[in-house]
Amino acid sequence: MWKPLTLFLLLVSLQGTAEASSSEKSAKDTFADWRQYQQECERSMAEEPYPAGLVCNRTFDMYACWGDTLPNTTAMVPCPWYLPWHRHVRGGFVMRLCGPAGQWVTDESGLPWRDHSQCEDLSTDHPFQKQMRLLDQFRLMYTVGYSLSLVSLLLALLLLLAFRKLRCTRNYIHVNLFLSFVLRAVSILTRDALLRVRFSKDLRHEGELFHLLGDQAAAGCRLAQVLTQYCVAANYYWLLVEGLYLHNLLVLMAISEESCFVGYLLVGWGAPILFVIPWAIIRYLYENNQCWEINDNMAYWWIIRCPILLAILVNFIIFVRIIKILVSKLRAHQMRYTDYKFRLAKSTLTLIPLLGIHEVVFALVAEEQAQGTLRYVKLFFELFLNSFQGLLVSILYCFVNKEVQSEIRRKWQRCKLSANPLEKPTHSCSHGPSCHCQQGKTSEVGCPRRP
20 MWKPLTLFLL
30 LVSLQGTAEA
40 SSSEKSAKDT
50 FADWRQYQQE
60 CERSMAEEPY
70 PAGLVCNRTF
80 DMYACWGDTL
90 PNTTAMVPCP
100 WYLPWHRHVR
110 GGFVMRLCGP
120 AGQWVTDESG
130 LPWRDHSQCE
140 DLSTDHPFQK
150 QMRLLDQFRL
160 MYTVGYSLSL
170 VSLLLALLLL
180 LAFRKLRCTR
190 NYIHVNLFLS
200 FVLRAVSILT
210 RDALLRVRFS
220 KDLRHEGELF
230 HLLGDQAAAG
240 CRLAQVLTQY
250 CVAANYYWLL
260 VEGLYLHNLL
270 VLMAISEESC
280 FVGYLLVGWG
290 APILFVIPWA
300 IIRYLYENNQ
310 CWEINDNMAY
320 WWIIRCPILL
330 AILVNFIIFV
340 RIIKILVSKL
350 RAHQMRYTDY
360 KFRLAKSTLT
370 LIPLLGIHEV
380 VFALVAEEQA
390 QGTLRYVKLF
400 FELFLNSFQG
410 LLVSILYCFV
420 NKEVQSEIRR
430 KWQRCKLSAN
440 PLEKPTHSCS
450 HGPSCHCQQG
460 KTSEVGCPRR
470 P
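Heads up, my numbering is the position in the sequence shown plus 19, with the first residue counted as 1.
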């Protein structure tokens, strides 16, 4: 019965501070107007004297304000003014029936019957409704992206951890990066599922919406929001760790990889705690509203935003420096110009998803500056690339990795030999980094110390 209302409340939770347009109210403003309408209704009901005879009692049914109504009559009140499209249905009415026993008529499901067809104005496609459909399509898109990424990342983790020869500092860093992508996907998908369960059910009686949106009920939602922010931040910082590792590998060759690994762990998993917890404390003390999904004071949001932007900036600087090193090394080999361009382009495109370089473009456009079409274009590409990034990284750094493929082939050959012990094994040699020939023998390198 309350699907339209709870749908826009879900929109508030998923979208945050998005606005419909300059001529239509935002979802946040609509909810604020709805609460004001409810308060005015309660105040009016408290001031109105009660009648002596049998009547259907005054009530606020979460949609409109109803006064005392005589039995066997139809109550009519104007369309609520808090509706975003109220100016289009200003002359409409919403109706309820009062039964002969002084009880409001209910439908077959036991919910109060109400005819609000005159207040829907389905003849016009309002910006608010377009906004809801667009954001729902975005949600479907990134749900598919995170789901595919989650499956591929879990398989990649299984492969990297299953083969002993793949266990080295480089792959340990990849494992932690994959795990951060997994936590990010799980936290976002779980948060969305909880929000849908919380806000998509029918509201059966007065006050149930306040139960859903009250501070006690919002505590679990706020905890989920904090965990989501931590997982997202940890993902950015493990992208930074990948950049730091590559930089140390190419520039500071004398440093031991194993000695730096503890530091990498502290940066990847520890650094986000240093700003996520202070953000949660500040929100609790000064802006403890609903699920903390809306940033009324953007200064508080910069507590999380600044460290993430710093990680993106450092990774971009590392990316530029690595490209310069690759250019110098490729030129030193004196290869043909076409081969040189191809290998440079391949290296560049491979580094972009690993280091999250595409985030630099989004960082240039602040949330406060993006309005109208630009806001939705930015939102689309941000959600699309972030949700599918885990899938791309798992493919590039696990499934098409020659070391991983070599170990899978060896495991497959062993399984075939165990199933057919009389079959003679065949040896093959490739010229990739995982396999080389010496005096007719095949030697495989699972995890070289230096590339």
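Keep in mind that a hint or two might mislead.
Below, a list of computed lysine to aspartate or glutamate pairs in the EDC-like style, where the Cα atoms sit at most 20 angstroms apart [as the list claims (entries may be wrong)]:
hint: 1; residue 1: Lys397; residue 2: Glu306
hint: 2; residue 1: Lys149; residue 2: Glu277
hint: 3; residue 1: Lys149; residue 2: Glu139
hint: 4; residue 1: Lys184; residue 2: Glu277
hint: 5; residue 1: Lys397; residue 2: Asp155
Simulated from the structure, these hints should not be mistaken for lab results.
In this text, all values refer to a predicted model and were calculated from it rather than measured experimentally.
Hint check:
1. With a C-alpha separation of about 27 angstroms, the suggested pairing of Lys397 with Glu306 is violated against the 20 angstroms cut-off.
2. Simply put, Lys149 and Glu277 have alpha-carbon atoms about 54 angstroms apart, too far for the 20 angstroms limit, and the pair is violated.
3. For the hint linking Lys149 to Glu139, the alpha-carbon distance of about 14 angstroms falls within 20 angstroms, and the restraint holds.
4. Only pairs whose Cα atoms come within 20 angstroms are accepted, and Lys184 paired with Glu277 is accepted, the gap being roughly 16 angstroms.
5. Of the supplied pair hints, the one linking Lys397 and Asp155 holds, its CA atoms being roughly 16 angstroms apart against a limit of 20 angstroms.
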